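Engineer: Chain residues, written in single-letter form:
2 protein chains.
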Amino acid sequence: MIITIIGLGLMGGSVAIDLRKRGFADKIIGVDKDKINANAAHHIGFVDEVTDLESAVKQAELIILAVPVDAAIIVLPKVLDLIDNQVVTDICSTKETLLERVRYHSKRKQYVAAHPMAGTEFSGPWAAVSGLFDGKASILCDTEDSDIRAIAKVKRMYEVLNMRVIYMNSSNHDIHAAYVSHISHISSFALALTVLEKEKNEKHIFDLASGGFDSTVRLAKSSPDMWTPIFNHNKNNVVTVLDTYINHLKAFRDSIENDEIEKVHQLIEQANKIKRIVK
Amino acid sequence: MIITIIGLGLMGGSVAIDLRKRGFADKIIGVDKDKINANAAHHIGFVDEVTDLESAVKQAELIILAVPVDAAIIVLPKVLDLIDNQVVTDICSTKETLLERVRYHSKRKQYVAAHPMAGTEFSGPWAAVSGLFDGKASILCDTEDSDIRAIAKVKRMYEVLNMRVIYMNSSNHDIHAAYVSHISHISSFALALTVLEKEKNEKHIFDLASGGFDSTVRLAKSSPDMWTPIFNHNKNNVVTVLDTYINHLKAFRDSIENDEIEKVHQLIEQANKIKRIVK
Chain A
1 MIITIIGLGL MGGSVAIDLR KRGFADKIIG VDKDKINANA AHHIGFVDEV
51 TDLESAVKQA ELIILAVPVD AAIIVLPKVL DLIDNQVVTD ICSTKETLLE
101 RVRYHSKRKQ YVAAHPMAGT EFSGPWAAVS GLFDGKASIL CDTEDSDIRA
151 IAKVKRMYEV LNMRVIYMNS SNHDIHAAYV SHISHISSFA LALTVLEKEK
201 NEKHIFDLAS GGFDSTVRLA KSSPDMWTPI FNHNKNNVVT VLDTYINHLK
251 AFRDSIENDE IEKVHQLIEQ ANKIKRIVK
Chain B
1 MIITIIGLGL MGGSVAIDLR KRGFADKIIG VDKDKINANA AHHIGFVDEV
51 TDLESAVKQA ELIILAVPVD AAIIVLPKVL DLIDNQVVTD ICSTKETLLE
101 RVRYHSKRKQ YVAAHPMAGT EFSGPWAAVS GLFDGKASIL CDTEDSDIRA
151 IAKVKRMYEV LNMRVIYMNS SNHDIHAAYV SHISHISSFA LALTVLEKEK
201 NEKHIFDLAS GGFDSTVRLA KSSPDMWTPI FNHNKNNVVT VLDTYINHLK
251 AFRDSIENDE IEKVHQLIEQ ANKIKRIVK
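Protein chains in written order, with my numbering: chain A, 1 to 279; chain B, 1 to 279.
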C-alpha cells in the first residue's frame, strides 16, 4: 500500500518506521511545510520521497495527518477536497473541534478520526522510534460517520502498530483526554516553572532530582507547538479539570498548614487507590 | 562491621541488602516494632537477627535509623541515650526538626544526619531491592556538629552504596527537598484524586494512561505513613512551594480560558528550560 504522511515529526515518523518495517506500507510519501523536517525525514529514510500536498494525496491509498491540531483543522478539509476514493485519518489529541470542522464535507465518510495514545517528551523527525505504539491504546472517534471499509483499513493499521483499538464519541474522548493526559502535562509544566523560579542553583535540582522530581517533570519537556493548540482546542474540559485539580491541591495545602495530620493521611490513602488501576 | 538497622521497610531493607553484598556489613541486626515487618525481613534474609532496640544498639558499631520522621524524632534520642562510642545515622527526608530535637544531646557528635535521595513508590520489606541508591545523591546535614570520624564512617557507607555525597545545612536541605521532592509527591497525589473523582469508569483510565498520566501519577502510590510526617515536619516550606505551584497552575488556567494562545506557548517554552537540567 502507498501511504502519505503529512507532518514528519515524532508521531508521523514513528508511524512510518513501523508501518514499513511490518510490511503494511510498500511506499511512504512525506509532506512537511518545514523544509528541515522534510529533508531530515528523507535523510533518516522513513519516507521514500517528499513532495507537495496535492501530489502526495493523489498517489496514496491511505493519508495520515500527523500535524498539531491547529494545523490539522486547516489541512484536513484541504485533503478531503483532494481525495477521490482514498482513506484519510489523523492522530490529533483533541477530536471534537476537528470533527466539527469537516462534519458536512462531502468526503466525510472517507475520514476516520483517531488518537493513538502514545508519545514521548521529545519532538521532531529525529525523535521518531520503532515500537512507540506497541501495547498502547488507539481511540477511534465518531465512527458512525465513517465508511465501514475506511474504518477497517485504519483499524488494521493500528493492529499492525500493536495497539488496542477503542471506540468513543469525540466529546467523551476530549473529556477523558483532559483528565488522563492534558492535566498531567499542565501539572508537569507548572512544576517545572515552580522549581525553575526558585532553584537558581541548577546543580541542586540535578543532584536532588532522584527524589521523584524526574518522573513528574518529564512531560515538562514536551513541545509547545503541539501542546498549546491541544489546550486551546480542549479549553472547556481542561479548565474544568484544572479547577478540580487546584481544589485538591488546596485541600492538601490547608490540611498541612493546619496540622490536620489525619486528614493528610486520608487524602494520601485515597490517592493510593490509583494503584488498583495504573500499574 | 556489625550494623543495626532500625526500621525494616523499603529503605532499611535496601540499605541492608547492598551493605552486606558489597562487604561493608559482616552482620546486620534488625529492629522493627511491627512484628510482620520484622519476621519478613528475617525470612527474606537481609537481617541476620531481629532483637529489641537496646540489645541491637549495644551490639552494633553503626546504627542506621530507617523509620518515618515522626518515629525518628522519638527513637533518635533513645538511641543516643543507649550508645557508648557507636555512630548513629538516619535516612529521613526532612532534617531540621529532627536535628533540633537532639541539638543539645551529649552524644550529638556521634550522630550524622543523612538523606539518601532515592526510593520507589512501594513500601515494606518486600519492596527492598539491590541497587536502589546507585548513582544518586545522599545529603549529609549540619556536619559541623558531628565528629569527623563519625562523618567519615557514614560517608564511606554511602560510597559503598554508590552515592554522591553532598553537604548542606538542614534548613537549606528542607527547602530544596520541598521543591524537588515533596511538591512532586503532592502534585501526584492531587492528580490521582482528581482523576479518581471523575473517572468512575476505571477501564478508561487504564486504557488512556499511556498519554503521560502513568509517569506523573506513579508517586501517588507512595506510602501515607512515610509522607504524612514529611509534609508535617516540612510544613512551612511545603506550604510556600504549594502556593507558588498553585499560582503557576492558575496562570495556565486563565490563559487557556481567555484564549491567550501566545501566553500559553510562552509558559510551556519557559517550562521546557527544565531540559537543560534534568535529563
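No lab work stands behind these hints: they were computed from the structure. Mixed in with the good hints, there may be bad ones.
The list treats identical chains as interchangeable, and a pair is accepted whether it falls inside one copy or across any two copies.
Under the rule of at most 30 Å between Cα atoms (straight-line distance), these lysine-lysine pairs were calculated in the BS3-like manner [said to hold, decoys possible]:
#: 1; residue 1: Lys250; residue 2: Lys263
#: 2; residue 1: Lys33; residue 2: Lys58
#: 3; residue 1: Lys27; residue 2: Lys155
#: 4; residue 1: Lys21; residue 2: Lys155
#: 5; residue 1: Lys58; residue 2: Lys250
#: 6; residue 1: Lys109; residue 2: Lys273
#: 7; residue 1: Lys35; residue 2: Lys250
#: 8; residue 1: Lys35; residue 2: Lys273
#: 9; residue 1: Lys107; residue 2: Lys263
#: 10; residue 1: Lys155; residue 2: Lys198
#: 11; residue 1: Lys235; residue 2: Lys78
#: 12; residue 1: Lys109; residue 2: Lys250
#: 13; residue 1: Lys275; residue 2: Lys33
#: 14; residue 1: Lys250; residue 2: Lys155
#: 15; residue 1: Lys153; residue 2: Lys21
The model shown is predicted, which means the values in this text are computed figures rather than measured ones.
Engineer: Taking the hints in turn, state whether each one holds.
Structural biologist: For each hint, the structure was consulted:
no.	hint	in the structure
1	Lys250 to Lys263	both (13 Å within a copy, 25 Å between copies)
2	Lys33 to Lys58	within (18 Å within a copy, 74 Å between copies)
3	Lys27 to Lys155	within (19 Å within a copy, 60 Å between copies)
4	Lys21 to Lys155	within (18 Å within a copy, 51 Å between copies)
5	Lys58 to Lys250	neither (55 Å within a copy, 46 Å between copies)
6	Lys109 to Lys273	neither (42 Å within a copy, 43 Å between copies)
7	Lys35 to Lys250	neither (47 Å within a copy, 37 Å between copies)
8	Lys35 to Lys273	between (48 Å within a copy, 26 Å between copies)
9	Lys107 to Lys263	neither (56 Å within a copy, 36 Å between copies)
10	Lys155 to Lys198	between (47 Å within a copy, 29 Å between copies)
11	Lys235 to Lys78	within (25 Å within a copy, 56 Å between copies)
12	Lys109 to Lys250	neither (47 Å within a copy, 40 Å between copies)
13	Lys275 to Lys33	between (44 Å within a copy, 26 Å between copies)
14	Lys250 to Lys155	neither (43 Å within a copy, 39 Å between copies)
15	Lys153 to Lys21	within (18 Å within a copy, 55 Å between copies)
The structure fails to meet hints 5, 6, 7, 9, 12 and 14 from the earlier list, while all remaining hints are met.
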